[in-house]
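Turn these sequences into a full structure, and let the hints steer you where they fit.
Read off the chains here:
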Amino acid sequence: MEDLEGELGAMREYHDGGNTRDASWRRAQLRGLLLLLLENQAEIFSALQQDLGKHPAEAYRDEIGSAVKSINYALHHLKGWMSNKKAKLPAVALLTTAAIIPEPLGLVLIISSWNFPIGLSIESLIGVISAGNSVVLKPSELAPTCSSFLARKMPLYLDTKAVRVIEGGPAIGEQLLLQRWDKIFFTGSTRVGRIVMTAAAKHLTPVTLELGGKCPAIVDTLSSSWDKKAAVERILGAKFSACAGQACIGIDYILVEQKFCSALVELMRVNLKTMFGENPKQSRSIARIVNRHHFQRLKSLLDDPKIRGSVVHGGFMDEDDLFIEPTILVDPPLESAIMEDEIFGPLLPIITLNKIEDSIRFLKSRPKPLSIYAFTKDESLQRRILSETSSGSVVFNDALIQYLADALPFGGVGGSGIGKYHGKFSFDEFSHQKAVAWRSFLVDFWFRFPPWNGYKLQLFQNFYEYDYIGIVLTVLGIGKQRAIHLS
Amino acid sequence: MNGVYCNSLEGFRPISGGGRRLIFRCPFTDKSKLPLLPAPASCPTISLCLCSASTSAVHPVMADNKDVFDTREASLLVRELRSIFKSGRTKSYDWRISQLKGIERMMEEREKDIVEALHLDLSRPELESIIAEISGLKSASKKAMKELKKWMMSEKVKTSMTTYPSSAEIVPEPLGVVLIISTWNYPFLLSLDPVIGAIAAGNTVVLKPSEVAPATSSLLAKLLDEYLDNSAIRVIEGAVPEATALLEQKWDKILYTGSARVGRIVMAAAARHLTPVILELGGKCPAIVDSNVKLEVCARRIIAGKWAANCGQACISIDYIITTKIFASKLIDALKQALEESFGENPMESKDMSRIVNLFHFKRLVGLLDEDQVTDKIVLGGQRDEKLLKIAPTVLLDVPEDSQIMQEEIFGPLLPILTVETLEESFELINSRQKPLAAYLFTNDEQMKKKFVQNVYAGGMAINDAIIHVTVPGLPFGGVGESGMGAYHGKFSFDAFSHKKGVLYRGFEGDSSLRYPPYTQKKQTLMKALLNGNIIGIILALIKWYGK
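So the sequences go chain by chain: A and B.
For the numbering used here, count along the first sequence from 1 and bump the result up by 398.
For the numbering used here, count along the second sequence from 1 and bump the result up by 8.
Keep in mind that the hints were calculated from the coordinates and are not lab data.
Among the clues, some could well be false.
Stated by the list, open to error - Mimicking DSBU-like on lysine-lysine, the simulated pairs with C-alpha atoms at most 30 Å apart in a straight line are: (1) A:Lys762 to B:Lys94; (2) B:Lys109 to A:Lys822; (3) B:Lys458 to A:Lys822; (4) B:Lys94 to A:Lys477.
Everything numeric in this text was worked out from a predicted model, so none of it was measured.
Quick look at the structure:
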């Protein structure tokens with residue numbers, strides 16, 4: 399690490415040499431990423447199996463497949479993203495053209511997280527590379543197999559002078575944060591997010607913080623059995639089958655009307671059995687808790703007898719296997735840790751309300767989550783949720799899939815994060831939008847320059863108000879003249 | 009290194025470096041009473057010194073001996089505004105329009121007061137005030153009113169096969185309670201321009217104008233109270249203690265205009281509450297001048313971009329010029345002539361140029377000129393008058409790179425000209441320094457223009473002119489690197505104070521069990537095809553799947 403500064407210096411020099419600016423370089427790197435994923439699928443599956451017990455199908459859906467889709471999307475749109483955007487000008491700005499030109503920021507640091515160690519690393523890299531930056535990726539040390547996979551394999555597919563992987567834990571992270579970056583992209587907890595932003599302030603480095611929060615799912619009293627089944631499948635899928643609830647956009651808890659609660663729980667029981675069988679521990683379809691520390695944390699959430707008493711399904715745990723059974727709780731006390739902290743695990747509290755509309759007040763009194771999910775066909779409720787609550791994103795009648803929508807910005811607001819990415823938003827997040835105006839020497843409004851007088855003053859007023867007739871009148875000397883107040 | 013200067017005006021001494029605006033502690037502020045920002049362990053700067061007060065005009069509010077606005081009051085203020093925000097009243101289109109109209113009306117009706125305040129604070133010529141501040145604000149509020157409906161509309165976006173069937177839109181929503189800390193050089197424009205954006209986006213706002221332009225600060229407090237909804241839009245006047253109290257609160261966005269040094273403090277304070285920031289800082293904005301230009305026009309535009317812009321006290325004014333060795337003397341002659349045309353034989357007597365804001369800045373600028381290795385480089389101007397706080401337009405030729413004038417942002421009427429053998433060298437010269445807020449090029453060489461735009465890093469650029477790029481409503485205004493982060497103006501202001509909420513609508517139909525466990529090999533194949541948008545793959549997989 400002593401020569402970290404030297405290494406970064408070399409990277410900066412390489413970047414300043416313009417090596418990463420060409421579209422061809424960016425394309426080559428994106429293709430490299432694609433090959434990295436496609437040629438090493440088996441190894442990625444086994445790394446994710448080892449670090450998190452993820453089933454290959456889940457691994458493909460959440461990490462490889464979604465990243466491949468995003469790379470293809472970036473390759474397809476890169477040219478459009480890189481092109482200048484002409485800015486409109488008023489007619490008085492004769493012989494001037496203006497455009498917004500995206501330029502790379504420089505050297506970017508990505509600090510990635512352990513829950514989707516491949517998917518989230520690649521997704522952010524796509525934006526960084528598309529925008530023509532150089533980058534250091536620090537994968538999470540809590541998913542060590544995936545981290546070492548990235549460190550070993552990425553250099554084989556990407557330009558090592560501009561894309562580097564540095565492995566390590568908090569000490570390395572701290573060292574990296576001391577350096578000067580042109581952008582820091584961080585995925586992780588709110589606590590570390592604050593540390594990252596504070597460190598970034600020293601070098602005036604802009605940050606993108608992808609944090610989390612408690613994402614609620616409002617479940618309306620659905621009537622048709624088809625709707626109920628679809629909603630329950632989607633809820634369970636979004637809770638238990640995405641890294642066993644260890645996902646920043648996973649459903650944290652459910653809000654439901656009292657009268658619909660027991661029917662909902664019953665339906666969940668049935669569907670859980672279909673998904674994970676009689677003995678979920680034997681099922682290969684559910685991921686494991688990442689490590690003992692988190693296992694203990696989750697276990698302690700349930701330790702309180704009051705909480706224990708609210709468990710209506712599941713609750714089985716096996717520390718040696720780091721397995722926690724999909725667990726459903728009804729009405730745990732609101733001032734308990736499980737309802738105050740982000741759960742990040744396969745525990746699903748259900749909070750009952752008198753009326754589903756009460757959910758809006760409930761959410762307004764809490765920090766802004768990364769996502770709000772609402773399963774309802776009631777359009778007026780949909781509208782109220784949209785306009786009265788605030789969250790990174792809102793999804794109606796489904797969960798998690800907003801992650802796959804390239805045309806939507808992905809990112810939080812308030813406590814759930816700063817900045818946004820995915821698709822074009824990634825490109826923009828890692829670019830500076832340079833404003834450029836071109837002028838010719840031919841035409842000049844002589845009234846732009848001192849010495850000043852009332853005549854020039856009038857012309858300026860016409861000019862700013864785009865009052866073309868006024869300009870002509872003033873120039874001809876028949877417009878109203880202004881008096882100068884001072885001097 | 010420029011930076012922080014302490015207490016007494018006679019014996020100001022630099023404490024630390026970085027940044028453009030002059031910072032020194034108000035003489036009447038007791039240091040021991042300063043509430044300290046809990047600075048992060050790694051951040052060397054502890055106390056927040058935002059700006060100075062001039063000796064000539066003591067801040068009216070401070071002079072009133074009012075109760076100090078402390079942390080407790082700040083937190084009450086934020087709580088109050090937050091409850092107003094939560095009531096939803098600032099979200100409505102009507103409220104936003106009524107406030108924007110208020111600003112427009114204020115600019116129409118109180119033009120005279122504004123011009124006077126700016127004259128008091130900066131001896132700003134009336135016309136300059138009208139061009140640079142009042143007209144700019146009028147057109148900004150007009151544009152916002154005209155386009156607000158469009159800006160507020162949610163944007164439908166296409167969804168892909170992956171999430172089929174669904175529809176999606178991006179809904180802009182207000183962030184909540186925002187803090188705008190403004191500065192003294194264009195005290196009206198730089199206060200109200202961001203306020204327009206914050207209002208248009210439906211937020212509640214606290215504005216802290218700069219105490220260094222006291223007349224404008226108190227006028228802003230008065231006018232905003234009179235013309236705008238003061239339950240949602242507030243002005244807090246004051247200096248360091250007030251700013252510190254404000255920065256301790258949780259905001260939903262902070263926009264700060266000022267120095268890079270204070271920008272760091274603002275961002276570190278914001279980090280504690282995870283508040284996103286827009287920092288509008290400065291930097292040394294270069295102008296490259298080629299020998300093939302129409303000299304007369306070029307010189308006039310340089311004057312407009314330097315001395316006619318608040319006497320060089322503007323964050324996007326030209327800081328220094330780079331030209332070829334051979335061409336320098338011609339350029340100087342042209343500048344000399346154009347300066348005479350603009351400001352007369354004796355520029356010290358001209359009423360067409362602003363003065364230096366206060367004695368402190370005056371002394372700083374004189375200090376730059378009086379440095380040993382710099383004094384003999386003056387080729388034009390150099391006169392100064394401490395009583396009037398005036399410095400003549402001054403041009404310097406080939407000052408050494410390590411002189412103070414080439415180290416810090418000049419922010420005044422001094423213009424160094426650096427010479428190079430070939431102009432291509434200038435790109436490297438600019439890129440070897442911190443990224444400036446703006447970079448300018450005067451040339452008729454198309455190739456050169458292209459290279460400049462492509463290779464020089466800067467917040468914004470104008471070719472064959474200076475400053476005017478910020479008047480283009482379709483362009484974002486903002487820095488990069490040391491010159492700031494985030495951008496505003498026009499629609500960009502609206503976006504800067506909005507959250508873009510991604511919204512996805514799904515029905516309950518069109519679901520396939522392949523998304524859910526138990527996972528099988530078949531599901532994996534189908535998923536692969538689906539995520540790749542490969543229609544044939546999907547069909548094949550489906551046939552195979554159902555075939556089994």
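Right, here's what the structure says about each hint:
no.: 1; hint: A:Lys762 to B:Lys94; in the structure: holds (8 Å)
no.: 2; hint: B:Lys109 to A:Lys822; in the structure: violated (35 Å)
no.: 3; hint: B:Lys458 to A:Lys822; in the structure: holds (25 Å)
no.: 4; hint: B:Lys94 to A:Lys477; in the structure: violated (42 Å)
The earlier numbered hints that this structure contradicts are 2, 4.
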